[in-house]
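The task is simple: from the sequences and hints, build the whole structure.
For any residue, its number in our numbering is found by taking its place in the sequence shown, counting from 1, and adding 1.
One thing to keep in mind: the hints can contain errors.
Stated by the list, open to error - Between beta-carbon pairs, the in silico distance windows are:
1. Arg62 - Ser136: 33 to 43 angstroms
2. Arg213 - Pro123: 40 to 50 angstroms
3. Tyr220 - Ile15: 27 to 37 angstroms
It should be emphasised that the hints constitute simulated quantities derived from the structure, not laboratory data.
For glycine and all other residues, C-beta sits at the position ideal for the given N, C-alpha and C.
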Amino acid sequence: MDADLIIRAIPGLIDGAAVTGTMIGFSLLIGLVLAIALAAMRLSGKPWLNGPAYAYMFFFRGTPLLVQIFLIYNLPGLFEDLRKSPIWPLIRDPIYWAILALALNTAAYTAEIIRGAILAVPANEIEAARAMGMSRWMVLRRIMVPHALRISIPAYANEVILLLKGSALVSAISIMDIAGQAQRLYARTYAPFEPLIAAGLVYLAITFIITRLARFGEYMTTPEGRRWWRRIRYLRSREPEPGLNPS
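Below, the structure written as structure tokens:
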């Protein structure tokens, strides 16, 4: 095994990590917005809303991500008018379709996480808040959202990590993400292990960052974390403005 080759592979893989980060960031943002809507539909209790949301989540959770990527990537080929339209040069880059596929996939899982977290909020806390005269909006903001957020952070962090690892499949449609860069290095050097080991190290580094951020987010949802944040804000408010004499 050539350790020097692993070290030399890192810069190219960091470039791939930038592509991966861009895809994951946009996919999570789009997926979260869609997931909130899906969770609301599932919790609505109305069959005409619950049914389509359930079917969507069943499809994207029940089929392989690779199949979804290929289906969405090849979907524009079915529409001749789209490929002849002026917007086609702007959207033909495969990264856009990869982001869409990842977003639709993560939305299905995230919606179930949100739904489960909301259902896990103790009913007696909600009833007590309403008995105290809190409005529905106040109950949502003060009771349900903080409690559901605290419950959902560990599961959502796992979903982000799974999406990160699943994003390696987009290299199958010629995207130079981390896995794509590793494949290109293998094609140049014919070294079977070093590119994969280097790519694994980059994925591990990103996973470590995600895990630490999730733990910090969990801490910030606890009473101790909120007290710490209020103290930081108080201390910052006491700092003199630049150029002013504190005396």
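Now the hints, each set against the structure:
no.	hint	in the structure
1	Arg62 - Ser136: 33 to 43 angstroms	holds (35 angstroms)
2	Arg213 - Pro123: 40 to 50 angstroms	violated (29 angstroms)
3	Tyr220 - Ile15: 27 to 37 angstroms	holds (29 angstroms)
Of the numbered hints stated above, the single one contradicted by the structure is hint 2.
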